[in-house]
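Enquirer: Listed below, chain by chain, are the residues.
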Amino acid sequence: MSRRLRVGLVSFAHVHAPALAQTLRALEQVEFTGIHDEDPVRGREAATEHGVTWHATLDGVLDASEAVVVSSTNADHRRYTEAAAARGRHVLSEKPLATTLADARAMVEVCRRADVQLGVAFPVRSSAAVIGLKKAIADGTLGRIRAVRATNPGQYPGRWFGDRTRAGGGAVMDHTVHAADAIRWLLDDEFTRVHAEMGSFIYGLDVEDCAILTCDLAGGAFASIDASWSRPKTYPTWGGVTFHVVGERATVDVDVFRQALTHYDDSADRTRLIGWGDDLSRQMVADFVDAILAGRPVPIDGEAGVRALEVAIAAYQSAAAKRAVGIAELPA
Amino acid sequence: MRVGVIGAGFAGTMHARSLLGLDDVTVLAIAAAIPEEATPLAAECGARVATAPELCAAKDIDVVVVAAPTHLHAEYAIAAARAGKHVFCEKPIARTRAQAEAMVRACDDAGVRLAVGHVVRYFPDYRRAKELLDAGALGRPALATLTRGNFSVGSARDWYLDDAKSGGVVLDLMLHDLDTVRWWFGEPSRVYAKRITAAGGALDYALATIAYDDRPIVHIEASWAEHAGFRTGFELRGDRGMLVHDSRAASPLVVQSREGPSDPAMMAAPTLHESPYRRQLRDFLARLDRGDRPLVDGHEALRSLALGLAVIESADTGRVINWTAPT
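Chains as they are written, first to last, in our numbering: chain H, 2 to 333; chain F, 115 to 441.
Rather than coming from a laboratory, the hints here were simulated on the basis of the structure. In this text, a Cβ means the ideal position worked out from N, Cα and C, and glycines have one as well. Errors might be hidden in some of the hints.
Unchecked claim - Reference excerpt, derived from the structure (chain F facing chain H, CB under 8 Å, subset only): (1) 256; (2) 259; (3) 306; (4) 325; (5) 330; (6) 341; (7) 355; (8) 357; (9) 430; (10) 434.
As the list claims (entries may be wrong) - Label-pair restraints from in silico Cβ distances: (11) 371(F) with 264(H): 17 to 27 Å; (12) 148(F) with 237(H): 52 to 62 Å; (13) 251(F) with 265(H): 40 to 50 Å; (14) 249(H) with 377(F): 25 to 35 Å; (15) 141(H) with 378(F): 32 to 42 Å; (16) 221(H) with 376(F): 26 to 36 Å; (17) 140(H) with 364(F): 28 to 38 Å; (18) 262(H) with 376(F): 32 to 42 Å; (19) 253(F) with 262(H): 47 to 57 Å; (20) 150(F) with 221(H): 19 to 29 Å; (21) 262(H) with 367(F): 46 to 56 Å; (22) 251(F) with 89(H): 29 to 39 Å; (23) 235(H) with 364(F): 19 to 29 Å; (24) 265(H) with 367(F): 22 to 32 Å.
All chains should be built: construct the whole structure from the sequences, respecting the hints.
Expert: Listed below in structure tokens is the structure:
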């Protein structure tokens with residue numbers, strides 16, 4: 002068998018942490034080196050549950066690993082990434098890359114200087130349907146793309162996701178970056194302007210739970226993103242990701258998580274969608290690990306994380322100013 | 115009630131056929147820009163073919179249905195009003211605000227009723243949503259997304275593709291949802307919009323975000339790039355629940371012909387006993403009988419047109435348009 006990459010998991014704060022731990026256990030090209038968490042009770046429990054080493058210190062997991070997956074609060078991404086880079090460890094960071102552009106850019110810079118790779122967890126790019134759409138756009142099948150309507154509505158994740166300090170914002174910070182990254186990648190283009198309306202209308206949080214962004218791209222297309230935590234508790238799944246793409250030759254709808262069985266569950270008094278499509282998170286981690294092992298650039302790098310974050314930051318500025326905000330207006 | 119219909123295209127044909135099924139209503143005359151185009155519909159209705167000016171002036175006609183191209187609505191509606199006819203005008207009320215204001219004034223001055231065909235207010239799916247919203251079934255509205263799409267009308271009806279005549283996808287299609295949003299949530303406060311304007315209007319697609327001082331946020335999509343055909347839908351999220359509607363998922367009748375999807379001999383059945391178009395005209399004529407105002411009169415339709423024009427202005431300028439409803 003070819004070489005395995007030693008990968009550790011840093012922090013169990015993110016709702017995606019359990020799935021990431023499962024993935025690290027499952028991937029045959031990964032040797033899962035263990036878990037460190039700033040919350041020792043939670044971290045020890047997670048390590049026990051996944052049958053891996055508990056590292057009481059951050060240095061412990063970094064020493065044992067060649068790369069780490071950071072699934073902390075958004076605000077903690079920077080300090081964990083800096084610590085990993087200082088030890089020469091590669092980093093796969095949960096999204097958004099950071100809560101401020103200054104933090105995000107510092108992460109890119111520290112990894113560049115340390116000659117380690119920085120990846121960002123945007124699993125939408127791992128969808129076979131989205132990859133198919135990317136190819137059809139690139140080879141001209143759809144004609145020139147003029148507009149995209151993207152949605153990434155979800156349920157409110159709870160925990161620290163409604164805490165401005167740790168999350169950097171609300172639904173906009175949580176959801177914008179997935180769609181923004183995918184649109185940039187699909188169209189091979191950059192965002193230039195962002196307009197947003199947002200509000201805290203559902204959960205009584207002091208961060209926004211509803212938001213609609215409308216964006217310009219340099220090549221002339223426009224795109225809107227529904228980044229709301231709008232899915233009710235009774236909704237049959239966590240949310241979804243969709244793209245309605247208007248090209249000059251064809252219109253395409255992608256519903257990334259459409260592959261699901263409907264489960265009418267009397268024992269739980271509810272109906273759920275049970276996904277049976279590809280495990281996008283697992284594919285995303287595998288692509289990161291394979292690139293590191295092969296010495297190639299990771300497929301979704303820190304720069305992509307910065308670009309997606311710019312859209313979210315511009316959205317907050319737009320909502321405050323009640324006008325569209327240019328990406329070029331953001332502080333350097 | 116004796117009715118004349120100006121226009122023998124999609125809307126004129128729809129309205130004339132809807133009138134045929136109503137008690138105590140006679141379609142007396144059909145007018146079209148090219149008179150031969152009115153002949154088959156006139157024959158179907160047992161009506162005479164007339165020019166639009168003749169029809170507006172005719173002594174034996176009580177009500178004029180204006181289903182001409184949008185930029186001609188004002189001319190015909192004003193002529194009919196001055197001849198003392200009540201007017202039912204297809205939406206949008208007119209292409210410009212000045213035209214719409216002149217129509218409203220002419221009808222008010224002549225003491226005749228002006229109704230405008232914002233037919234979505236008669237669609238049972240949209241009415242049921244309104245009932246649920248008003249009953250508080252969703253709590254306070256937070257976020258509403260509405261979509262409406264169709265294939266491009268193409269070159270068969272050139273005026274549709276001429277923005278100066280039709281107002282394109284915003285005034286033809288999105289206007290339904292802009293009117294619906296006003297009906298559901300009241301008057302908004304600002305508008306931001308984007309629109310594709312491909313040469314000749316062949317690809318017309320628009321997205322608008324409509325905001326209120328407090329809530330909800332509304333996002334509307336209107337598309338003439340829905341090549342599979344007509345589709346509408348909405349998602350209404352309140353702080354206590356969500357309503358979802360997709361017209362494609364709500365068809366009780368799906369037919370697959372062995373000859374393929376465009377088999378002209380295949381069955382086509384209505385899926386409601388009374389179409390919203392007929393319901394709309396029946397209600398208008400009943401209100402005339404009772405001396406009541408139309409459900410959507412000229413003043414109300416002018417406000418929806420003004421919102422559509424604000425969407426176009428935002429898309430053209432890239433600015434947020436602060437909006438106040440015309441009084």
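Enquirer: Hint by hint, say whether it matches the structure.
Expert: Structure-based check of all given hints:
{"no.": "1", "hint": "256", "in the structure": "4 Å, holds"}
{"no.": "2", "hint": "259", "in the structure": "7 Å, holds"}
{"no.": "3", "hint": "306", "in the structure": "5 Å, holds"}
{"no.": "4", "hint": "325", "in the structure": "5 Å, holds"}
{"no.": "5", "hint": "330", "in the structure": "7 Å, holds"}
{"no.": "6", "hint": "341", "in the structure": "6 Å, holds"}
{"no.": "7", "hint": "355", "in the structure": "6 Å, holds"}
{"no.": "8", "hint": "357", "in the structure": "10 Å, violated"}
{"no.": "9", "hint": "430", "in the structure": "13 Å, violated"}
{"no.": "10", "hint": "434", "in the structure": "5 Å, holds"}
{"no.": "11", "hint": "371(F) with 264(H): 17 to 27 Å", "in the structure": "35 Å, violated"}
{"no.": "12", "hint": "148(F) with 237(H): 52 to 62 Å", "in the structure": "53 Å, holds"}
{"no.": "13", "hint": "251(F) with 265(H): 40 to 50 Å", "in the structure": "22 Å, violated"}
{"no.": "14", "hint": "249(H) with 377(F): 25 to 35 Å", "in the structure": "30 Å, holds"}
{"no.": "15", "hint": "141(H) with 378(F): 32 to 42 Å", "in the structure": "35 Å, holds"}
{"no.": "16", "hint": "221(H) with 376(F): 26 to 36 Å", "in the structure": "34 Å, holds"}
{"no.": "17", "hint": "140(H) with 364(F): 28 to 38 Å", "in the structure": "36 Å, holds"}
{"no.": "18", "hint": "262(H) with 376(F): 32 to 42 Å", "in the structure": "34 Å, holds"}
{"no.": "19", "hint": "253(F) with 262(H): 47 to 57 Å", "in the structure": "30 Å, violated"}
{"no.": "20", "hint": "150(F) with 221(H): 19 to 29 Å", "in the structure": "43 Å, violated"}
{"no.": "21", "hint": "262(H) with 367(F): 46 to 56 Å", "in the structure": "26 Å, violated"}
{"no.": "22", "hint": "251(F) with 89(H): 29 to 39 Å", "in the structure": "58 Å, violated"}
{"no.": "23", "hint": "235(H) with 364(F): 19 to 29 Å", "in the structure": "20 Å, holds"}
{"no.": "24", "hint": "265(H) with 367(F): 22 to 32 Å", "in the structure": "25 Å, holds"}
Taken one by one, the earlier hints fail for this structure at numbers 8, 9, 11, 13, 19, 20, 21, 22, listed in ascending order.
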